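Enquirer: Same order as they appear, the protein sequences are chains A and B. Going by the numbering used here, the first residue of the first sequence is number 1, and it counts up by one from there. Going by the numbering used here, the first residue of the second sequence is number 1, and it counts up by one from there.
Hints are computed from structural coordinates only; laboratory data are not their basis. Treat the hints loosely; a few may be bogus.
Derived DEER-like restraints, expressed as beta-carbon distance ranges [said to hold, decoys possible]:
#1 A:61 with B:266: 19 to 27 Å
#2 A:271 with B:145: 56 to 64 Å
#3 A:166 with B:266: 41 to 49 Å
#4 B:98 with A:179: 18 to 26 Å
#5 B:123 with A:173: 30 to 38 Å
#6 A:267 with B:98: 30 to 38 Å
#7 B:121 with A:173: 39 to 47 Å
#8 A:292 with B:96: 16 to 24 Å
If we take Cβ atoms under 7 Å as the criterion, some of the chain B residues that face chain A in the derived model are [unchecked claim]:
#9 89
#10 111
#11 289
Just a sample of chain B residues kept apart from chain A, beta carbon distances all over 10 Å, derived [to be verified]:
#12 16
#13 115
#14 173
#15 225
#16 287
For clarity, every value in this text was computed on a predicted model and none was experimentally measured. Positions of the beta carbon are idealized from the N, C-alpha and C atoms, including for glycine.
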Amino acid sequence: MQFVADGIVFAAIISLGAIGLSMIYNILRFANFAQGEIVATGAYFSLGFVALFGAGIGSIGPLAFGWPLLVSIGFAMVATSLMVLIVDWLLFRQLRDKSASRITLIMAAFGVSLMGRNLITLIAGGDPINFSFFIPRAVEILPSVRVVPDDIAIVVLAGLSVLALHLYLTRTTMGRWMRATAENPTLARVNGIDTRAVIRWTWIVGASLATLAGALQGHIVELRPEMGFSLLLPMFAALIIGGVGNIYGTLLGALFIGLSQSFAVAIGLSAYREAVSFMLMLAILLVRPQGLLGGRD
Amino acid sequence: MDALSLLSFAAFFLTFASFFSLTCLGLNMQWGFTGLFNVGVVGFFAVGAYTSAILTGPAYPDTLFGGFGLPVPIGYLGAIVTSAIAAFVVGFVTLRLREDFLAISTFGIAVTIQLLALNLQSVTRGPNGLYSLPKPLSGLSESNLVDNLLYLGICVLCIGAVYWAFEQMVRSPWGRVLRAIREDEQAAAALGKNVFAYRLQAFVVGCAVMGLAGALYANFVGFISPQDFLPIVTFQVYVMLIVGGSGNNLGAILGGVVVWALWSGSGAVIAAVLPPDFQTQAAAVRIVLIGLVLALMLLYRPAGILRERHIVSREARMSPQSRPTR
């Protein structure tokens, strides 16, 4: 059952990244191929703030990270959101104003993805970096299931973020506006909803969660310019498997992908784990194109 | 630089550009005429390259399959066949889906093919790649220059043949259906056209041409490894097609040459300016530049250098005077 524990940790990171993908898909109606780079940008901004504050990443109890890292992630969320808003303002907003097709938006995102990855390489170098060198001390939580305390913290952090997102979408005005815009943009506009603000906050929420995903992934593995790009296929798979247009479905899809990838690793297919999530996605598309929980077109 | 080395450089440059132009033509059939967003271009290029390498390459001590040492033209044909088969399988699964699902799926295909090339060591030798691939007609002359010129001739012939065939195809009723599907899929379906079948045909034809381009590349360079087939290639080909003018076959060829010139030119400039320690950064600058080119084209000149020509049927092209009056 070790693979279940590993799979849940991976699923937590995937779901944080895929929520942004799902929200942009719902509101702006295009597959954002640059989502991986938002994750990576968030991770590198976190690293930048950790370096700026010079207090290391701290520790809480058995955890190898503490407030210094969490505060840095907070600052990185703001920085990443600003970055994403600038890109939207420079490129995507203009394409929307020219009522460019969905495919043009995807292609532009593909270009942004490539540029983002290489800008990171340009600024931070292409070699892997770590926040800190910690030696994980695994504890046995169940017979023969061992996890690092940090992994548990990651799952808890992801769970809290998802809960916060749920409350945001259901209890706040902006959250309701987002859901209304996702349902029917024209009707939302007619009812006086400021769709530009909705788009802005969609990017901000998605980028903030992606930053958390990137920083956590960077903490337990390492930071590389391609770290987000290699998460892109699992994130898309989570989106499609869960049902496009359904954020809760995306979470379920992420769990599905996390478990199947760690199962693939467990049976010795670790070199092909990205392909495994992709094959599952294709299978779901063939059998149940609306996804597990069913989405909306 | 004397005239001879200039000629040699030009031949080398144009040969490389022709691999891209040919891939661009294949993509034009899919994206330009049918509106299929294939993000897996490099995957089909790689299938062609590996097929030809396995069919024509020498036997390696550490592979279980391949090294058939067949004549190069058989390698080219094999590449066309395998990439068409791969395209048929992929297209059959994905072409019923909405356009953005197709984009995601083809992206996944390219990643999967890359993983296979990297990990299927007994066929592809993994990261070490396949080497000593034969070049056709190289026995005719001692000179490297003549060699390269002859190969350029083969590439130009291939491009010419594909160009001619594609022009016939897109002017035919078949081509008109493709454009109808691109403009309005539901209207085409309402007219009784089997949208899925037409899409699949355009997808397979385009991918077969990409596979041929991959094979031409493999046998020219003589060495292939998974590093040659990264997602950046797909992106370059899209930039080429958009710069040249999607929906225009001449534009596709032109875009390949123009963007390849920009790409290799900027590489030379950056390499000259930056110290040798910064080669990683140099590569990154180049990619950021090409991304900028794409963004600017999408924003300010989405039609490309050569716009798509409006091809209408003979009847509709009649001048107003000769049109029958009611």
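Enquirer: Indicate, hint by hint, whether the structure satisfies it.
Expert: Tested hints:
1. For the pair residue 61 (chain A) and residue 266 (chain B), the supplied restraint of 19 to 27 Å is violated, since their beta-carbon distance comes to about 52 Å.
2. For residue 271 (chain A) and residue 145 (chain B), the hinted distance range of 56 to 64 Å is not satisfied, since their beta carbons lie about 43 Å from each other.
3. At roughly 48 Å, the beta-carbon separation of residue 166 (chain A) and residue 266 (chain B) lies within the given 41 to 49 Å, and the hint holds.
4. Under the hint 18 to 26 Å, the C-beta atoms of residue 98 (chain B) and residue 179 (chain A), about 22 Å apart, fit the expected range.
5. Distance hint for residue 123 (chain B) and residue 173 (chain A): a CB-CB separation of about 58 Å, inconsistent with the stated range 30 to 38 Å.
6. Taken as a hint, the range 30 to 38 Å holds for the pair residue 267 (chain A) and residue 98 (chain B), whose Cβ atoms sit roughly 33 Å apart.
7. The supplied range of 39 to 47 Å is broken by residue 121 (chain B) and residue 173 (chain A), whose beta-carbon atoms lie about 57 Å from each other.
8. A hinted range of 16 to 24 Å holds for the C-beta pair residue 292 (chain A) and residue 96 (chain B), which are about 19 Å apart.
9. With a cut of 7 Å, the hint placing residue 89 (chain B) at the interface with chain A is violated, because the nearest CB-to-CB distance is about 11 Å.
10. With a least beta-carbon distance of about 6 Å to chain A, the hint placing residue 111 (chain B) at the interface is held under the 7 Å criterion.
11. The restraint placing residue 289 (chain B) at the interface with chain A is violated, with a minimum CB-CB distance near 9 Å, outside the 7 Å limit.
12. Taking the minimum C-beta to C-beta distance to chain A, about 20 Å, the non-interface status of residue 16 (chain B) holds against the 10 Å cut.
13. For residue 115 (chain B), the requirement that its beta carbon stay farther than 10 Å from each beta carbon of chain A is not met, with the minimum near 5 Å.
14. With a closest Cβ-Cβ approach of about 25 Å to chain A, residue 173 (chain B) is found to remain outside the 10 Å limit, as its non-interface label requires.
15. With a closest Cβ-Cβ approach of about 16 Å to chain A, residue 225 (chain B) is found to remain outside the 10 Å limit, as its non-interface label requires.
16. Not every CB of chain A is more than 10 Å from the CB of residue 287 (chain B) (nearest about 4 Å), against its label as outside the interface.
Consistency with the previously given hints fails for numbers 1, 2, 5, 7, 9, 11, 13, 16, ordered from lowest to highest.
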